[in-house]
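S.K.: Can you build the whole structure from these sequences, using the hints too?
Keeping their order, the protein sequence lines are chains C and Y.
Per my numbering, residue 1 is the first one in the first sequence, and the count goes up by one each step.
Per my numbering, residue 1 is the first one in the second sequence, and the count goes up by one each step.
Check before you lean on any hint, since a few could be wrong.
Straight-line Cα separation of at most 27 Å, BS3-like style, residue types lysine-lysine; simulated pairs [to be verified]: (1) Y:Lys215 <-> Y:Lys231; (2) C:Lys329 <-> Y:Lys475; (3) Y:Lys215 <-> C:Lys344; (4) Y:Lys153 <-> Y:Lys81; (5) C:Lys169 <-> C:Lys152; (6) C:Lys329 <-> Y:Lys334; (7) C:Lys390 <-> Y:Lys473; (8) C:Lys129 <-> C:Lys95; (9) Y:Lys473 <-> Y:Lys36; (10) C:Lys344 <-> Y:Lys36; (11) Y:Lys216 <-> Y:Lys131; (12) C:Lys152 <-> C:Lys88; (13) C:Lys344 <-> Y:Lys338; (14) C:Lys321 <-> Y:Lys473; (15) C:Lys41 <-> C:Lys170; (16) Y:Lys125 <-> Y:Lys258; (17) Y:Lys55 <-> Y:Lys7; (18) Y:Lys262 <-> Y:Lys125; (19) Y:Lys475 <-> C:Lys344; (20) C:Lys41 <-> C:Lys321; (21) Y:Lys338 <-> Y:Lys55; (22) C:Lys76 <-> C:Lys169; (23) Y:Lys337 <-> C:Lys344; (24) Y:Lys81 <-> Y:Lys135; (25) Y:Lys213 <-> Y:Lys149; (26) C:Lys101 <-> C:Lys121; (27) Y:Lys195 <-> Y:Lys206; (28) Y:Lys195 <-> Y:Lys182; (29) Y:Lys135 <-> Y:Lys89; (30) Y:Lys149 <-> Y:Lys69; (31) C:Lys344 <-> Y:Lys7; (32) Y:Lys215 <-> C:Lys329; (33) Y:Lys149 <-> Y:Lys135; (34) C:Lys344 <-> Y:Lys334; (35) Y:Lys475 <-> C:Lys321; (36) Y:Lys258 <-> Y:Lys200; (37) Y:Lys135 <-> Y:Lys125; (38) Y:Lys250 <-> Y:Lys128.
Note that these hints are calculated values from the structure, not bench results.
Computed from a prediction, not measured in an experiment: that's the story for all the values here.
This is what each chain is made of:
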Amino acid sequence: MPENKETILSVRNLKTHFSTGIGKNKLVVKAVDGISFDIYKGEVFGLVGESGCGKTTTGRTIIKLYTPTDGEVYFKGKRVTAGSDSIKQQLKDTKRLSRDKISELKAEMKAKLEKTSEAEKVKDSYTNKIDKIKQTTSKELQELRAEISRRKHESLKDYKRKDTKDLMKKMQMIFQDPIASLNPRMTVKEIIAEGLYIAGEKDDKVINDKVNDVLDTVGLLPEHANRYPHEFSGGQRQRIGVARALIVSPEFIIADEPISALDVSIQAQVINLLNDLRDEFGLTILFIAHDLSVVQYFSDRIAVMYYGNLVEVAPTQDLFKNPLHPYTKSLLSAVPVPDPNFEKSRQRITYDPSVHNYDENPPELHEITKGHFILANDEELKAHKKELKK
Amino acid sequence: MAQEQAKLKVEDLTISFRTNQGMVRAVRGVDFNLAKGETLAIVGESGSGKSVTSKSIMGILAGNSVIDKGQIIYENQDLTKIPEEDFHKLRGDKIGMIFQDPMSSLNPIMRIGKQITEGMIINGKHLKNRKKALKQETHQRYINAKRNKKAIKKDYRSSIKEAKKAGDESKVTTLKSELKNKLTKQKEEIRECRKAYVQKRKEARKTVKNEWKAKKAEIAQKIQDVRARLKTTEERDRKQELHDEISTLKEQKNRYKKVTKKQANERAVEVMGEVGIPDPERRLRQYPFQFSGGMRQRIVIAIALTSNPDLLICDEPTTALDVTIQSQILELIKRLKKERDLTVIFITHDLGVVANMADRIAVMYAGRIVEIGTVEDIFYNPQHPYTWALLSSVPDIDSADRLMAIPGTPPNMLFPPEGDAFAERNEYAMEIDFEKQPPFFKVSDSHFAATWLLHEDAPKVEMPEILRHRLDKMKSTSKEVKTNAGK
Numbered sequence: 001m002p003e004n005k006e007t008i009l010s011v012r013n014l015k016t017h018f019s020t021g022i023g024k025n026k027l028v029v030k031a032v033d034g035i036s037f038d039i040y041k042g043e044v045f046g047l048v049g050e051s052g053c054g055k056t057t058t059g060r061t062i063i064k065l066y067t068p069t070d071g072e073v074y075f076k077g078k079r080v081t082a083g084s085d086s087i088k089q090q091l092k093d094t095k096r097l098s099r100d101k102i103s104e105l106k107a108e109m110k111a112k113l114e115k116t117s118e119a120e121k122v123k124d125s126y127t128n129k130i131d132k133i134k135q136t137t138s139k140e141l142q143e144l145r146a147e148i149s150r151r152k153h154e155s156l157k158d159y160k161r162k163d164t165k166d167l168m169k170k171m172q173m174i175f176q177d178p179i180a181s182l183n184p185r186m187t188v189k190e191i192i193a194e195g196l197y198i199a200g201e202k203d204d205k206v207i208n209d210k211v212n213d214v215l216d217t218v219g220l221l222p223e224h225a226n227r228y229p230h231e232f233s234g235g236q237r238q239r240i241g242v243a244r245a246l247i248v249s250p251e252f253i254i255a256d257e258p259i260s261a262l263d264v265s266i267q268a269q270v271i272n273l274l275n276d277l278r279d280e281f282g283l284t285i286l287f288i289a290h291d292l293s294v295v296q297y298f299s300d301r302i303a304v305m306y307y308g309n310l311v312e313v314a315p316t317q318d319l320f321k322n323p324l325h326p327y328t329k330s331l332l333s334a335v336p337v338p339d340p341n342f343e344k345s346r347q348r349i350t351y352d353p354s355v356h357n358y359d360e361n362p363p364e365l366h367e368i369t370k371g372h373f374i375l376a377n378d379e380e381l382k383a384h385k386k387e388l389k390k
Numbered sequence: 001m002a003q004e005q006a007k008l009k010v011e012d013l014t015i016s017f018r019t020n021q022g023m024v025r026a027v028r029g030v031d032f033n034l035a036k037g038e039t040l041a042i043v044g045e046s047g048s049g050k051s052v053t054s055k056s057i058m059g060i061l062a063g064n065s066v067i068d069k070g071q072i073i074y075e076n077q078d079l080t081k082i083p084e085e086d087f088h089k090l091r092g093d094k095i096g097m098i099f100q101d102p103m104s105s106l107n108p109i110m111r112i113g114k115q116i117t118e119g120m121i122i123n124g125k126h127l128k129n130r131k132k133a134l135k136q137e138t139h140q141r142y143i144n145a146k147r148n149k150k151a152i153k154k155d156y157r158s159s160i161k162e163a164k165k166a167g168d169e170s171k172v173t174t175l176k177s178e179l180k181n182k183l184t185k186q187k188e189e190i191r192e193c194r195k196a197y198v199q200k201r202k203e204a205r206k207t208v209k210n211e212w213k214a215k216k217a218e219i220a221q222k223i224q225d226v227r228a229r230l231k232t233t234e235e236r237d238r239k240q241e242l243h244d245e246i247s248t249l250k251e252q253k254n255r256y257k258k259v260t261k262k263q264a265n266e267r268a269v270e271v272m273g274e275v276g277i278p279d280p281e282r283r284l285r286q287y288p289f290q291f292s293g294g295m296r297q298r299i300v301i302a303i304a305l306t307s308n309p310d311l312l313i314c315d316e317p318t319t320a321l322d323v324t325i326q327s328q329i330l331e332l333i334k335r336l337k338k339e340r341d342l343t344v345i346f347i348t349h350d351l352g353v354v355a356n357m358a359d360r361i362a363v364m365y366a367g368r369i370v371e372i373g374t375v376e377d378i379f380y381n382p383q384h385p386y387t388w389a390l391l392s393s394v395p396d397i398d399s400a401d402r403l404m405a406i407p408g409t410p411p412n413m414l415f416p417p418e419g420d421a422f423a424e425r426n427e428y429a430m431e432i433d434f435e436k437q438p439p440f441f442k443v444s445d446s447h448f449a450a451t452w453l454l455h456e457d458a459p460k461v462e463m464p465e466i467l468r469h470r471l472d473k474m475k476s477t478s479k480e481v482k483t484n485a486g487k
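M.R.: Structure (structure tokens):
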């Protein structure tokens with residue numbers, strides 16, 4: 001990890017909820033429920049967890065394929081997407097608070113009016129107080145409403161503005177399934193060049209040159225450009241997916257399980273390709289996967305996710321040496337290792353979420369050693385610290 | 001590869017598929033033996049023929065497949081030759097299979113309970129089965145006699161043809177008369193066999209009918225007794241008890257005839273409990289979409305286990321699953337194997353899983369086994385370059401070196417290569433690799449590899465640096481593990 005860390009992406013309290021049904025049938029799935037992390041320039045940040053824990057949703061929310069329910073995503077210092085649920089809540093709270101205060105004051109006024117003779121004076125002072133509260137509240141509400149509309153614009157309408165477009169071009173995604181994510185009716189050239197067209201490139205010659213260039217970088221030949229996706233093997237298709245992401249020269253790539261649909265020998269090819277690209281272009285990569293051995297090989301830092309929450313974030317070496325959260329431990333103990341003697345003595349640890357007692361003391365993400373964050377409450381934090389000292 | 005009391009023997013199995021482009025040679029001569037209670041893992045890339053091999057053992061190859069030659073011997077029967085009718089008795093009953101994708105191998109519009117019990121109910125017609133068992137022997141003899149006739153005809157025809165070609169008239173006539181004699185003899189035998197068979201069939205029908213009648217009468221008598229008692233009693237509780245007794249008697253009667261739904265459901269609940277599905281009675285009434293991936297895979301396993309198979313084929317049972325779920329399923333299969341003394345064929349491309357599960361490993365490439373040996377042989381002393389490549393393309397726990405990827409793609413099996421199929425992607429390939437298929441060279445008693453590198457004239461080649469490094473490390477860690485275990 002580079003020493004002088006420059007944050008390229010930061011995620012603050014991101015929430016993405018999906019809801020189905022209405023009324024009493026309403027069901028809210030909290031796919032991502034309040035996660036925060038930073039990704040530094042030039043690093044590979046691994047995001048692991050079992051299927052259904054929200055890692056893909058996180059990636060897709062960051063690149064604005066989903067609208068977040070709450071929280072913010074900053075890319076290169078500029079906010080690119082944000083949800084406004086918490087602000088709406090704040091709005092409600094302020095309204096209620098001011099209403100309560102006013103009714104309280106009114107009751108007080110009534111009580112005093114009965115006792116005193118100087119009715120006018122008391123009334124005046126109280127109406128003054130009430131007016132003041134109303135004024136400050138309306139000001140606050142205005143601000144909050146403005147913020148909500150700003151966030152809405154950012155996540156929905158702002159993509160047409162040139163500067164946002166340029167910014168979002170720097171963020172690209174590689175999708176999971178190389179068979180389903182390529183349009184079977186488009187040639188490879190069309191697939192790869194689509195991003196350039198959208199970015200406003202019209203010159204055919206430039207496009208051709210760029211496509212050939214990028215095909216060369218990912219290890220395909222220029223004559224492949226006029227073929228269709230079905231003519232390629234799995235590994236080659238995933239290369240096309242990588243090429244499509246690379247053509248607009250991004251700085252940050254979200255790789256959503258790029259190798260889990262591939263064969264073992266082909267997996268190594270794609271990992272090597274990503275590794276080369278990272279060295280060559282200084283790419284920053286958010287690497288989403290469930291195969292821990294691959295993540296460990298490839299990432300600088302790893303975040304472990306469990307049902308919408310981050311439970312542990314740490315540098316790779318640190319995480320594998322000192323896993324602290326019980327879920328991380330169980331995940332690590334489940335990784336099969338190609339070594340029979342080791343396998344025979346392996347003990348799998350099972351994770352039982354009921355070991356935590358979070359009713360009174362809700363957990364927070366604490367930094368336990370430098371760069372090593374863990375989701376725990378105060379009691380657990382003490383236990384973890386003790387464990388580390390051993 | 002001689003082994004005592006082999007449960008399953010596959011010899012020179014060759015399978016192709018007819019396609020519009022020509023014959024795809026999916027499996028090109030696979031040999032292996034499987035001892036009772038052993039786990040054999042078949043490892044290879046997709047398209048290497050591992051699934052096709054297992055499907056041929058199960059007898060569920062696609063319609064356009066042709067078994068060119070070879071045999072699969074299971075309990076003294078050649079599975080490639082026995083008719084579909086007889087296969088019903090083996091498939092599911094003796095040989096179970098766990099399929100790859102739990103999402104698509106279950107019927108989405110059928111309740112779980114029905115899917116688990118389906119096989120039991122279909123195969124559970126006891127009277128019919130008993131009839132079949134009684135006449136089985138004579139029937140088999142009758143069929144064999146018929147087959148023999150065909151074989152004799154075929155034999156003589158070809159020799160007559162040859163004689164005709166040679167122009168040997170006298171030989172042709174002698175052969176023809178010989179054929180005639182033999183055929184009449186055979187026909188006589190067939191007639192006798194048929195007679196015996198028809199006789200036996202009648203007898204079987206009668207005995208089964210009588211047995212069934214006796215059972216029915218017995219139970220009817222019992223029911224009558226209970227009914228008589230029912231009339232005399234007045235107490236409510238006692239009455240209810242007697243009613244229950246009648247229904248159990250009826251159930252008993254039905255169970256003599258066939259596997260009843262109730263019985264099948266009881267068995268399903270038992271098996272579901274065994275594979276670790278909580279609250280099986282309720283789960284029985286649910287649909288597949290109400291289950292998670294791991295639970296669905298457990299159901300697929302339960303379906304395979306309902307009829308107590310002794311050979312279990314697992315076709316990539318964990319590829320579609322998460323690491324945590326994967327290790328749960330592997331532990332489950334291991335436990336079941338121990339409890340039921342199963343023989344397992346485990347197909348996968350994940351070497352970590354193999355290290356966990358297997359006793360022996362067969363590495364397949366382009367329709368052939370390239371290396372076969374015990375787990376220790378393959379992991380600690382690999383010999384074939386393809387095995388080297390496979391082992392070193394797995395990312396390691398603490399190496400940061402570049403991974404050794406296998407260049408290129410597997411060969412097109414429409415045009416299988418002449419020599420060693422892996423030669424084109426192999427950096428150690430020699431000239432002979434492109435010309436001639438290497439035979440199996442013996443490394444140790446349990447370990448064989450098909451590579452010319454093991455030939456005595458071949459230049460000594462060291463395995464890749466990464467792999468050797470890794471093996472050394474593995475050896476040291478396993479020593480550590482052993483000493484730790486000793487403590």
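S.K.: Evaluate each hint against the coordinates.
M.R.: Against the structure, the hints:
For a cut-off of 27 Å, the pair hint linking Lys215 of chain Y to Lys231 of chain Y stands: about 25 Å separates their Cα positions. The suggested pairing of Lys329 of chain C with Lys475 of chain Y holds, with an alpha-carbon distance near 25 Å, which does not exceed 27 Å. Of the pairs offered as hints, the one joining Lys215 of chain Y and Lys344 of chain C is violated, with about 53 Å between alpha carbons and a cut-off of 27 Å exceeded. Note on Lys153 of chain Y and Lys81 of chain Y: the hinted pairing holds, with a Cα-Cα distance of about 19 Å set against a maximum of 27 Å.
For the hint pairing Lys169 of chain C with Lys152 of chain C, the CA-to-CA distance comes to about 20 Å; that is within 27 Å, so the pair holds. For the given pair, Lys329 of chain C sits about 22 Å from Lys334 of chain Y by alpha-carbon distance, which is consistent with the 27 Å threshold. Taking the CA atoms of Lys390 of chain C and Lys473 of chain Y, the gap is about 26 Å. The hint holds against a cut of 27 Å. A distance of roughly 16 Å separates the Cα atoms of Lys129 of chain C and Lys95 of chain C; the hinted pair therefore holds under the 27 Å criterion.
With a C-alpha separation of about 33 Å, the suggested pair Lys473 of chain Y and Lys36 of chain Y falls outside the 27 Å cut-off, and the hint is violated. Between Lys344 of chain C and Lys36 of chain Y, the direct Cα distance comes to roughly 21 Å. Compliance with the 27 Å bound is thereby established for this hinted pair. A distance of roughly 17 Å separates the Cα atoms of Lys216 of chain Y and Lys131 of chain Y; the hinted pair therefore holds under the 27 Å criterion. Between the alpha carbons of Lys152 of chain C and Lys88 of chain C the distance comes to roughly 12 Å, so the proposed pair stays at or under 27 Å and holds.
For the suggested pair Lys344 of chain C and Lys338 of chain Y, the alpha carbons sit about 15 Å apart, so the restraint of at most 27 Å is met. For the suggested pair Lys321 of chain C and Lys473 of chain Y, the alpha carbons sit about 17 Å apart, so the restraint of at most 27 Å is met. Between Lys41 of chain C and Lys170 of chain C the alpha-carbon distance is near 13 Å, which keeps this suggested pair within the 27 Å criterion. A distance of roughly 4 Å separates the Cα atoms of Lys125 of chain Y and Lys258 of chain Y; the hinted pair therefore holds under the 27 Å criterion.
A threshold of 27 Å between alpha carbons decides the hint, and for Lys55 of chain Y with Lys7 of chain Y the separation of about 17 Å falls inside it, so the pair holds. Proximity of Lys262 of chain Y to Lys125 of chain Y is assessed by CA-CA distance (about 14 Å); at most 27 Å being required, the pair is judged to hold. With a CA separation close to 14 Å, the supplied pair Lys475 of chain Y and Lys344 of chain C stays within the 27 Å bound. About 24 Å separates the Cα atoms of Lys41 of chain C and Lys321 of chain C, which keeps this hinted pair within 27 Å; it holds.
Proximity of Lys338 of chain Y to Lys55 of chain Y is assessed by CA-CA distance (about 24 Å); at most 27 Å being required, the pair is judged to hold. For the hint linking Lys76 of chain C to Lys169 of chain C, the alpha-carbon distance of about 12 Å falls within 27 Å, and the restraint holds. Distance hint between Lys337 of chain Y and Lys344 of chain C is fulfilled; the C-alpha atoms sit about 15 Å from each other, no more than 27 Å. Taken as a hint, the Lys81 of chain Y and Lys135 of chain Y pair is honoured in the structure, with Cα atoms around 21 Å apart against an allowance of 27 Å.
At most 27 Å may separate the alpha-carbon atoms for a hinted pair to count; Lys213 of chain Y and Lys149 of chain Y exceed this at roughly 40 Å. Under the criterion of a C-alpha separation no larger than 27 Å, the hint pairing Lys101 of chain C with Lys121 of chain C is consistent with the structure, at around 20 Å. For the suggested pair Lys195 of chain Y and Lys206 of chain Y, the alpha carbons sit about 17 Å apart, so the restraint of at most 27 Å is met. Between the alpha carbons of Lys195 of chain Y and Lys182 of chain Y the distance comes to roughly 20 Å, so the proposed pair stays at or under 27 Å and holds.
The straight-line distance between the Cα atoms of Lys135 of chain Y and Lys89 of chain Y is roughly 15 Å, inside the 27 Å bound, and the hint therefore holds. As the CA atoms of Lys149 of chain Y and Lys69 of chain Y are separated by approximately 23 Å, the hinted pair is consistent with the 27 Å bound. For the hint pairing Lys344 of chain C with Lys7 of chain Y, the CA-to-CA distance comes to about 25 Å; that is within 27 Å, so the pair holds. The hinted pair formed by Lys215 of chain Y and Lys329 of chain C fails the criterion: a straight-line CA distance of about 60 Å is larger than 27 Å.
With a CA separation close to 22 Å, the supplied pair Lys149 of chain Y and Lys135 of chain Y stays within the 27 Å bound. Only pairs whose Cα atoms come within 27 Å are accepted, and Lys344 of chain C paired with Lys334 of chain Y is accepted, the gap being roughly 12 Å. Proximity of Lys475 of chain Y to Lys321 of chain C is assessed by CA-CA distance (about 21 Å); at most 27 Å being required, the pair is judged to hold. Distance check on the hinted pair: Lys258 of chain Y and Lys200 of chain Y sit about 23 Å apart at the alpha-carbon level, within 27 Å; holds.
In summary, the hint linking Lys135 of chain Y to Lys125 of chain Y is supported, as the alpha carbons are separated by about 16 Å, within the 27 Å threshold. At most 27 Å may separate the alpha-carbon atoms for a hinted pair to count; Lys250 of chain Y and Lys128 of chain Y meet this at roughly 20 Å.
Violated hints for the displayed structure, listed by number in ascending order: 3, 9, 25, 32.
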